[in-house]
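J.: The chain contents come next:
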Amino acid sequence: MISKLIKILLLFISFSVYAQSNLFFEQVLTEKEIKAKGIFSIADLLNFLDGWSYENIDGTFSNPLNRFNFSSPEKIKIYLNDQLIELSSLDHFSLNLLPISLDQIDSVIYSSIPSMFKGEYSSTGVIRFYTKKVPEGFTIRGVHSAVNETGDPGPYKFTTYETDNVDKLNFDLSGGIDAGGKNWYLSANYKSNENFVTDPKLERRVGRLSIGDKKSRLNSSSLLLGFDYKIGKSNFYFGSSEYADFYFFDPYQNEIPSMRNYLQSGISGSLSFSKIISLEYDFSFTKNELGFRENWSYLNFDWKHEKYYARLNGVMRQNLYELTVGLIYEQNVPSTTEILNINHIVFGKFFASLLLKPTSKLIQNFDLQLTKYKNDSGIRVGLQNLYKVDRWNSIGLNFSYSEKFYRELLDYWTWYKEGYSSNVTNLVTQSDYDLGKSSVLDFAFYYDWNFKQIVNLRLSAFYSELQNQLVELESIRYIPEQFTLEKVTDFRSNEFLCSAGVNSEIKLKISDCFSTKVYYQFQTDVSGTNLLSEKWMRLPEHTAALELMFNVAESFSTWTRFKYYSSTTWLEYRYVEQQSNSFYNYKLKEKFLLELSLSKWFWDRKVWANVVFRNLLNQEESYHPVGADLDLRFLFQIHLYFNSLFE
Amino acid sequence: MGKNQKILFLFFFSSISFFSSTDLFSQNEPFSKITIALSAAKQGNSTLINDFWENNFSLEGNLESPFYFGEVKTGLIFIPFTGNSVKYPNFKIFYFYLGWNGVINFYNNFSASFGISAGSSFMYFHADQIAAFEKTESELTFSTGAKIKYQIAGKVGIFSKIDLIKIFTKNNIDLILISAGIDFTIDTPKWLENFLK
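Protein chains in written order, with the working numbering: chain A, 2 to 648; chain B, 8 to 204.
Honestly, the hints are just simulated from the structure, not real lab data. Just so we're clear, the structure is a prediction, and the values are computed from it rather than from any experiment. Quick reminder that beta carbons are idealized off the backbone N, C-alpha and C, glycines included. There may be inaccurate statements among the hints.
[What the hints assert, rightly or not] Computed, partial: chain B to chain A, Cβ under 8 Å:
1. Phe-59
2. Tyr-75
3. Lys-94
4. Tyr-95
5. Gly-106
6. Glu-146
7. Leu-147
8. Lys-173
9. Phe-175
10. Thr-176
11. Asn-178
12. Ile-180
13. Ile-183
14. Phe-202
15. Leu-203
[What the hints assert, rightly or not] Label pairs and their calculated CB-CB ranges:
16. A:Ile-507 - B:Asn-112: 37 to 43 Å
17. B:Asp-181 - A:Thr-517: 32 to 38 Å
18. B:Asp-135 - A:Thr-517: 54 to 60 Å
19. B:Ala-139 - A:Asp-107: 44 to 50 Å
20. B:Lys-197 - A:Gln-319: 57 to 63 Å
[What the hints assert, rightly or not] Simulated crosslink set (SDA-like; lysine to any residue; CA at most 25 Å straight-line):
21. B:Lys-204 - A:Leu-549
22. A:Lys-158 - B:Ser-39
23. A:Lys-601 - B:Ser-39
24. A:Lys-518 - A:Gly-502
For reference, chain A alone in the conformation it holds in the complex:
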């Protein structure tokens, strides 16, 4: 009787099935690929995801950019084992705050087009991390990696050829203990990271405010705990990171020493009441803080953002369809000594997905999400079709339309509007602005040809429209007496831009041990307002890559990538170049990047070692006009796995 009541209740509140909404345009990075490519940290993963370009200021942590967020601070959505992870505070975002280590990861699934996942709609993209299944018994893990940049003066520092010291760039150390039983697992992890400011541009700015050494330090810990029981499963997550950082605060155009704290705890899982109906949930509390780190000007963000998040959805699965219906409640509570106009920002969301399989050749998916903020609401809809023409050929279509409240970004300007202002002195805005609501229309198409697991060809094309965008009109100047930058911000609303592009990707598996991939992307703006068209130039028009993977033996592999980025232009820095005597450049040159990774397992796969060379051609490699210029770099990492010790 009780179970019947629960079923009726479920049907009432949900009416649905959960559909893997974005199954058509997802890409996967497996543990094997992550290792082969010599990816050395969670944040480093971003450099290997097709479909995004990057901005990178500190030389270590990249911010992914694509056709949807090139002009806004919108961040990608992050999931860990299907639980939403919130890593942003104001505009600060670093994927490395995610307190897990690479040795825990089984796979990464990502999408760089507008899509809905677990009821959350993201126009920029989604990255989902899945941890490895913890083996039964007791497991000890450890990772160490170090990145060295070339270009030290060496003995020439005693001569007229003296140059600045460059030194070590990055140093990571992590360790974990896992325990598993038949129906449960536990995974505890600690990681630390040090980054060294070595680039002359950064050194000059960071040195102006920082006291002590010019190092960023990260300490993270996490606990994952999971139970499988007769009618479902539950996953507990606790994560904490403390990051003493030099945060490049865009409105200020300088690194501000800050203490970044991240804390999240939550539970997610599912309850299956029958083979047809189940209930899924995700409840979490997150605290993101930007606090004080000692500096000469006593600059302090004095900012804490707490988020209470709840998702509940029902799923109905049948052979021909899957239906999901659910609700999301999100409360954002700021905390600062300054007086704000509001106590919190609350969003309520209703979502539904319907996955249909009317024939063996056709899969269709419909997504709907309604977001409510105060008395206004925004709608997001998605339609995806996959048609398998025959054994070798298939076609996919993706259409989406989404409306977004600017406030959903929860960035600096959102809170500034509500009365928040850090004590940063030369922050200037010249106009009032209405945060409002913007919309994105996106249409994507692909054609796949697979031939006997040997050749995989994918051709795709897209067309996007950004409408009603609120965009910063930035005016940046260089102050030579202080070696600093200053920015005046104005705002323009109702900006729009239409863009289009094509992608092609060919994967060839030439033999069991040799495979290759060729990738090319072209993207361009078609029409739009001047301001957004100017900002569009931040994205490379052409991106191409050639990858070669050679598994010499079961325990030894080599991976090589040749990547090309066309030049990019950051027009807001156009006067800075002249004012700084070209110390800063607003045009970033095209890049030809060559990378080589060599990996070897030892001791019956208990020890894994990896040597990586990045930018082997020693090209000028920078991803932001004020960002670090990375030279040839050398990376070494070692992983230890002692699995199932007391099984």
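Fit chain B to the supplied structure of chain A, relying on the hints for placement.
T.: Chain B in isolation, oriented as in the chain A frame:
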């Protein structure tokens, strides 16, 4: 494209071609043997570094073992430099490397090999006027070279080789070392062979 980039291109594509043409090289059971080698070398070129410092000799010790094709090797090269004036303090380079050799066996116990290596050069400066933390530095280093070897007896061989070493300081240090040495081959202990496999 600069000179450095050309060298790197050659380095890279030669390594790719080596990896792709396994039939050229002698095949052994991976890690079944270890060859221990000692050699002494003399700098064979004069570059920017020699405007300030002189090198009279260098020493190398290395281990080589059969790989899935060719040989894998690891070693240490010690290169001391003496300043031409008191302004330029003496310093030592310890180049620790990992590398790979392609080996071609000839008649009469002769063999030739050519290889590539990468590693770090640790530099120690004998200077009182600088702070302790400035007395050491390390830098990425690539090297490539060729070797001719004659197997005198079953396990003992003599060899002569030439190595081109590039240390990636801001102004690169390019060294050519010409050396001669002796090596000794042993069977790898089983526990070590299992570890390496």
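J.: Take the hints in turn and mark each one as holding or not.
T.: Hints, verified against the model:
1. Phe-59: The hint holds - Phe-59 of chain B has a Cβ within 8 Å of chain A, the shortest such distance being about 6 Å.
2. Tyr-75: 5 Å, holds
3. Lys-94: Hint on Lys-94 of chain B: holds, closest Cβ of chain A at ~7 Å, below 8 Å.
4. Tyr-95: 5 Å, holds
5. Gly-106: The hint is violated - Gly-106 of chain B has no Cβ within 8 Å of chain A, the shortest such distance being about 11 Å.
6. Glu-146: At about 5 Å, which falls below the 8 Å cut-off, the nearest Cβ of chain A leaves the hint on Glu-146 of chain B intact, so it holds.
7. Leu-147: Because about 4 Å separates Leu-147 of chain B from the closest Cβ in chain A, which is inside the 8 Å limit, the hint holds.
8. Lys-173: 10 Å, violated
9. Phe-175: Since chain A brings a Cβ to about 4 Å from Phe-175 of chain B, closer than 8 Å, the hint holds.
10. Thr-176: Given a least distance of 3 Å, the restraint on Thr-176 of chain B holds.
11. Asn-178: Where the cut-off is 8 Å and the nearest Cβ of chain A is about 5 Å from Asn-178 of chain B, the hint holds.
12. Ile-180: Since the shortest Cβ distance to chain A is 6 Å, the answer is holds.
13. Ile-183: Violated, because the Cβ-Cβ distance from Ile-183 of chain B to chain A comes to roughly 18 Å (cut-off 8 Å).
14. Phe-202: 5 Å, holds
15. Leu-203: 6 Å, holds
16. A:Ile-507 - B:Asn-112: 37 to 43 Å: For Ile-507 of chain A and Asn-112 of chain B the Cβ distance comes to about 40 Å; the hint holds.
17. B:Asp-181 - A:Thr-517: 32 to 38 Å: 33 Å, holds
18. B:Asp-135 - A:Thr-517: 54 to 60 Å: Distance hint for Asp-135 of chain B, Thr-517 of chain A holds at roughly 55 Å.
19. B:Ala-139 - A:Asp-107: 44 to 50 Å: With Cβ atoms ~45 Å apart, the hint holds.
20. B:Lys-197 - A:Gln-319: 57 to 63 Å: 59 Å, holds
21. B:Lys-204 - A:Leu-549: 24 Å, holds
22. A:Lys-158 - B:Ser-39: 45 Å, violated
23. A:Lys-601 - B:Ser-39: 17 Å, holds
24. A:Lys-518 - A:Gly-502: Judged against 25 Å, a Cα distance of about 20 Å means the pair holds.
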